[in-house]
Amino acid sequence: MLSLYVPGDSFVHRAPAAAKLAILVICGAALFVVSGIPVHAAELALLAGLFHAARLPWRDTFRQLRTALIFLVPIFLFHVFVTDWTLGLETVLRILVLLLLAVLVTLTTRTTDMIDVLEAAVRPLRHVGVNPSKTGMMLSMVIRFIPMMMREAQEVLEAQRARGLDRNAIALLMPLLIKTLKMADDLSEAIEARGYDPEPVVPVWRRKG
Amino acid sequence: MIQVSDVSHRFGEREVLKDINLSVRERRVGVIGANGSGKSTFARLLNGLLIPDSGAVTVDGLDTREDAKAVRRRVGFVFQNPDNQIVFPVVEEDIAFGLKNLKLPKREIARKVDTVLAEYGLTHLRDRAAHLLSGGEKQLLAISAVLVMEPRYVVLDEPMTLLDLRNKKLILDTIRTIGQPVVLVTHDLDHLRDFERVIVFDGGRVVADGPPRDAIRHYTRAMA
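Chains A and B, in that order, give the protein sequences. First residue of the first sequence: 1, per this note's numbering; consecutive thereafter. First residue of the second sequence: 1001, per this note's numbering; consecutive thereafter.
Since the hints were derived computationally from the structure, they do not count as laboratory data. Yeah, the Cβ is synthetic: ideal placement off N, Cα and C, and Gly gets one too. Take the hints with a grain of salt, since some may be wrong.
Unchecked claim - Straight-line alpha carbon distances no greater than 27 Å define the calculated DSS-like cross-link-like pairs of lysine-lysine that follow:
1) A:134 <-> B:1069
2) A:182 <-> B:1069
3) B:1103 <-> A:134
4) B:1106 <-> A:134
5) B:1100 <-> B:1112
6) A:182 <-> B:1168
7) A:208 <-> A:134
8) A:179 <-> B:1112
9) A:182 <-> B:1018
10) A:134 <-> A:179
11) A:134 <-> A:182
12) B:1100 <-> A:134
13) A:134 <-> B:1018
14) B:1112 <-> B:1069
15) B:1100 <-> B:1069
As the list claims (entries may be wrong) - With the C-beta cut set under 8 Å, the calculated list includes, among others, these residues of chain B facing chain A:
16) 1011
17) 1069
18) 1073
19) 1084
20) 1089
21) 1090
22) 1093
23) 1097
24) 1129
25) 1134
26) 1135
27) 1161
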């Protein structure tokens, strides 16, 4: 779910990021309180309506869910053989609703808007030394650099395979670690060069006066 | 004006710059030299990314040692690998990053982002994930993200090294349109023919400094 915002002008897109994230958190918690296959089926239908309203391409949605769907099958089968299939179906529906809701928020909300919400949410923690600006920057960089790290890992693997080395975790990790450190070094320079200057945060116990 | 006075710098035991004295007043200055000759270190000194071990670098009278933040606002810096300088995941967000650092109001940021996207032909990519752009598009984004901050000077450290011929031309054409004085570190000597001045580094020293034809001739002879 990395920076996959799909531009649009639907009411789902226009809804404030804070409201969407709050709904995600509240519904995520509520999902484990409410139960029953018809309830979750109704939730799924509501979500399908929201996806339709947001005009999100099914291909993008499926791409987001692909990996998770692989795990849903064994979860269902486990319940079929160990408990009963209705419980399995309910569990799978519950997870699916949660995943679809998260995908809906991800695809209709800009990263910067989400980061702004996160920064606002952690602002009260500045009294205990948490820097909201740095927290937001950290999240942004995680989203930005995971695809890069995956590409770097792929390059290292290909280079090793070209030289006759089969999969070897240590042989992969060492060059990847070195590349990551170099990348982090370059990135810190780039951030500095573009004038990043977060407000300093002093925890209450270190404040004078 | 950028003034470099008696600058020397070391990385551990290795002295990478030795007694550099020069000033940059021209609108187009090229910097060339062999790998490890000190040209990238020199470029990093110009916007305060590196503070020299001895000597001083001043930009319009501001010393990088004392006013590094103010200097960085005046001197935009474009790195060789755009992947390592694009901070935000989406094109539009990355361009806005520098403007946020300047503490501009949201509406002003949106207006400037729109302008720069249109100016550099990136409007159609505004919502695109940065990691999905081509090499040329990434470098164009990196340059746009620097220029949107309206620096007084622009330093580019080998911005075309990782690009194919078509993207090199795209970036070179873009550099030609930059209104501010430009310092371009490069290995592509052809790109410097219409520059006003070329500085040649070798072993951490300036070994030639003058019109492109003379400086490039000196460099190619030394490399032969």
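Okay, the hints, checked on the actual structure:
Straight-line distance between C-alpha atoms of residue 134 of chain A and residue 1069 of chain B comes to about 18 Å, which keeps the hinted pair within the 27 Å bound. With a CA separation close to 23 Å, the supplied pair residue 182 of chain A and residue 1069 of chain B stays within the 27 Å bound. A C-alpha spacing of about 16 Å is found between residue 1103 of chain B and residue 134 of chain A, which places the hinted pair at or below 27 Å, so the restraint holds. Note on residue 1106 of chain B and residue 134 of chain A: the hinted pairing holds, with a Cα-Cα distance of about 20 Å set against a maximum of 27 Å.
About 11 Å separates the Cα atoms of residue 1100 of chain B and residue 1112 of chain B, which keeps this hinted pair within 27 Å; it holds. This hinted pair checks out: residue 182 of chain A and residue 1168 of chain B have alpha carbons roughly 25 Å apart, not beyond 27 Å. In summary, the hint linking residue 208 of chain A to residue 134 of chain A is supported, as the alpha carbons are separated by about 23 Å, within the 27 Å threshold. In summary, the hint linking residue 179 of chain A to residue 1112 of chain B is not supported, as the alpha carbons are separated by about 34 Å, beyond the 27 Å threshold.
Using a Cα cut-off of 27 Å, the hinted pair residue 182 of chain A and residue 1018 of chain B holds, with the two alpha carbons roughly 26 Å apart. Pair hint residue 134 of chain A plus residue 179 of chain A holds up; C-alpha atoms about 23 Å apart against a cutoff of 27 Å. For the hint linking residue 134 of chain A to residue 182 of chain A, the alpha-carbon distance of about 20 Å falls within 27 Å, and the restraint holds. Straight-line distance between C-alpha atoms of residue 1100 of chain B and residue 134 of chain A comes to about 14 Å, which keeps the hinted pair within the 27 Å bound.
Between residue 134 of chain A and residue 1018 of chain B the CA atoms are separated by roughly 37 Å; this puts the pair beyond 27 Å, and the hint is violated. For the hint pairing residue 1112 of chain B with residue 1069 of chain B, the CA-to-CA distance comes to about 22 Å; that is within 27 Å, so the pair holds. Between residue 1100 of chain B and residue 1069 of chain B the alpha-carbon distance is near 15 Å, which keeps this suggested pair within the 27 Å criterion. Hint on residue 1011 of chain B is violated. Least Cβ distance to chain A is approximately 13 Å, over the 8 Å limit.
Annotation: interface hint on residue 1069 of chain B holds; nearest CB of chain A at approximately 6 Å, less than 8 Å. A hinted interface residue such as residue 1073 of chain B counts as satisfied when its beta carbon comes closer than 8 Å to some beta carbon of chain A; here the least separation is about 6 Å, so the hint holds. Given the 8 Å rule on beta carbons, the hint for residue 1084 of chain B holds: about 4 Å separates it from the nearest Cβ of chain A. Checking residue 1089 of chain B against chain A by beta carbon gives a least distance of about 3 Å; that is within 8 Å, so the hint holds.
With a least beta-carbon distance of about 5 Å to chain A, the hint placing residue 1090 of chain B at the interface is held under the 8 Å criterion. A distance limit of 8 Å between C-beta atoms decides the matter here; for residue 1093 of chain B the minimum to chain A is near 5 Å, and the interface restraint holds. About 6 Å separates the beta-carbon of residue 1097 of chain B from the nearest beta-carbon of chain A, less than 8 Å, and the hint is met. Look at residue 1129 of chain B: its Cβ gets to within about 5 Å of chain A, closer than 8 Å, so that hint holds up.
The interface hint given for residue 1134 of chain B is violated, since its Cβ lies 14 Å from the closest Cβ of chain A, which is over the 8 Å cut-off. Taking 8 Å as the C-beta contact cut-off toward chain A, the hint placing residue 1135 of chain B at the interface is violated, the least distance being around 13 Å. Checking residue 1161 of chain B against chain A by beta carbon gives a least distance of about 14 Å; that is not within 8 Å, so the hint is violated.
The structure shown violates the earlier hints numbered 8, 13, 16, 25, 26 and 27.
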